Amino acid sequence: MNRGTFFRFAAPSIIVMSLLMVIPLLMAIWLGMQFMTFANITSPQFVGLRNYIEVLQDPRFWQSFRFTALYAAIVVPAQLVIGFTVALLLDQVSKFIRGIYLSIFLLPFVIVPIVGTLMFKQLFEPSGLMAYLYQTIFDTRFYYSEMSVKALVIIHGIWYVTPFALVTYFAGLQTLSQDLLEAASMDGATRWQKIRHIVLPHVRSLTIFILLISIMDAYRVFDSVFILTQMNPIYKANTIMTYTFQTAVTVQRLGKANAMAILTVVGIMIVLIPFLIQSYKEQLEER
Amino acid sequence: MEKVKSPLGRLSIHLFLILFAIYSLIPFFWTTLQSFKTLRDANSRTPIFFFTPTWENYQTLWLRTVPENGALIAYFLMLAIVILICLLLFANYMPVRSSLIYGFVFLGFVAILWGIPRLVEVAKFYEYFINTIIVTVGTVVVSISIGCLAGYSLARYAGYAGVVILIAALGFRALPRLAFILPYYWIGSATNLLDTHLLVILTLVAVNQPFAIWMLRSFFMDIPRELEESAMVDGCNRLTAFLRVIMPIMWPGIVSTALFTLLLAYNEFLLVRLLTQTNWTLPVAISRFTGGEDPRHLTLAAAAAVSATIPIILVILFFQKNLVKGLAAGAVKG
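Chains as they are written, first to last, in my numbering: chain A, 1 to 287; chain B, 1 to 334.
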């Protein structure tokens, strides 16, 4: 295919992406330099880099950054371990039952995140099933506090994202070389040794992929925190995204919120650029 | 891996998987129970598992007034929906062209959705449901049609520009949506498009485009070049070869991509929340049920949550294989 045809075919997509992704991103940098509320949205006032400096000095921004990091630090490893374990077990059962299990396991991941969180929250309402179990086990009522809300956000995070790792690992296991496993059996390798020396190296690239995707997703947790905390600051469970949202909608500092979003983008880019460079090289080789 | 043979081992594997299934399902199970309870039962401090189910919550959610001949209308609608679904399932075995049947089924569903508000007095929730359908269908159609063109050309063009676009798309896919949405709000208020379906659809298409072109491209790569090359020797040009030869065999890939696009549009909360004031979709409407002081919201929220989940469950039941394949193949690439 020649260059002209390529651009004619790809034009609609390129136009949409540049009009609605590249330009907005550049605009966000510029909007971040304005003092802007919903009242003066058409006539913002230029303040230079003051918003960016204000964000970096804002203790609540760093607080939400710390919670986001904590969330990622717990949810991402938990997802990998649980997902891999369940995928190994799922690989053991017959094809027909697998399909049923997979449909069930996928549900938390494909359901509307807002609805999933709401259903999760119903368990912990004063009349909820989990609140009741909590009371029977610990003999105190379950109530919303900074600790318990943070714990709920994290537990929900694990419940919500694990299916992704599970399915990816499961698909990876299906491409495992049977010859290698048989050879290992010949040599008398135990099951554990096979997992350790054959399966784990086989899924290494998948693990890196899941790691990358789930760190990116952890960066942008929003829906679950929005429902579980009701955006109430007393729980101190803001993530970067909810704090940005709050700055924009509740506090109505649109300029500052834009600056915050841009700083987040910069932070993500630092993690992302090595990966982008790597896949750029891969693509160049592949063509 | 070879299978575990010992009966005890097999038993514990199944036991563990069942426990994990319970863990996955328990919120759904509980919320569904709650949605069929009266407010009194639902607020009981000790969980009630046996009770006489009531449709009251669903009625309050969907209808403004309950019509006298409600049961009759409900049976009639159910019958119509079952007939349409059966037509859809057996379209390939009918003596008529299947595209005609698909068209008929589509029109049938539109007619039902259009007809319901004329038969009964519906509540606001129905309007949000219709909004969701418009936004979802719009996003899928636009996104897939421009995505196919781009994905195809990216799969076939070997030049430098293609790689640059792919990598840029990958980068944009990883960025938090909020970075784009705040400018969208500004664009929306400058062009007076806030609170319209058009703005929501266009922005969702843009947000979804990087994912769509990567996934479609990986499916197009699997189709051998010889196919369209021989068609072009036979006198097709690039576009007709693409439309007549490539697209017909691309359906599985398109279905997978469309499915993820559908989920994205159906699930989106933040973007719709910021860009609309009244024309909400379901996630935004449902988020209104939480945190309200009104105690009735407990069971209403449960009913709303279950209502919004039923379409998703249908999607999983019909397309589980495509979902898994898509997650494994397309998603692996980005």
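Hints in this document: simulated from the structure, not taken from any laboratory.
Take the hints with a grain of salt, since some may be wrong.
Claimed, not checked - Below are the DSS-like pairs computed for lysine-lysine, each with C-alpha atoms no more than 27 Å apart in a straight line:
| no. | chain 1 | residue 1 | chain 2 | residue 2 |
| --- | --- | --- | --- | --- |
| 1 | A | K281 | B | K321 |
| 2 | B | K124 | A | K95 |
| 3 | A | K236 | A | K150 |
| 4 | B | K5 | A | K95 |
| 5 | A | K95 | B | K3 |
| 6 | B | K321 | B | K124 |
| 7 | B | K124 | A | K194 |
| 8 | B | K3 | B | K325 |
| 9 | A | K95 | A | K236 |
| 10 | B | K3 | A | K281 |
| 11 | A | K95 | B | K321 |
Given the structure is predicted, the values throughout are model-derived calculations rather than measurements.
Inset, instruction - List, from low to high, the hint numbers that the structure doesn't satisfy. - result: Of the numbered hints given earlier, those the structure breaks are 1, 2, 6, 7, 9, 10, listed in rising order.
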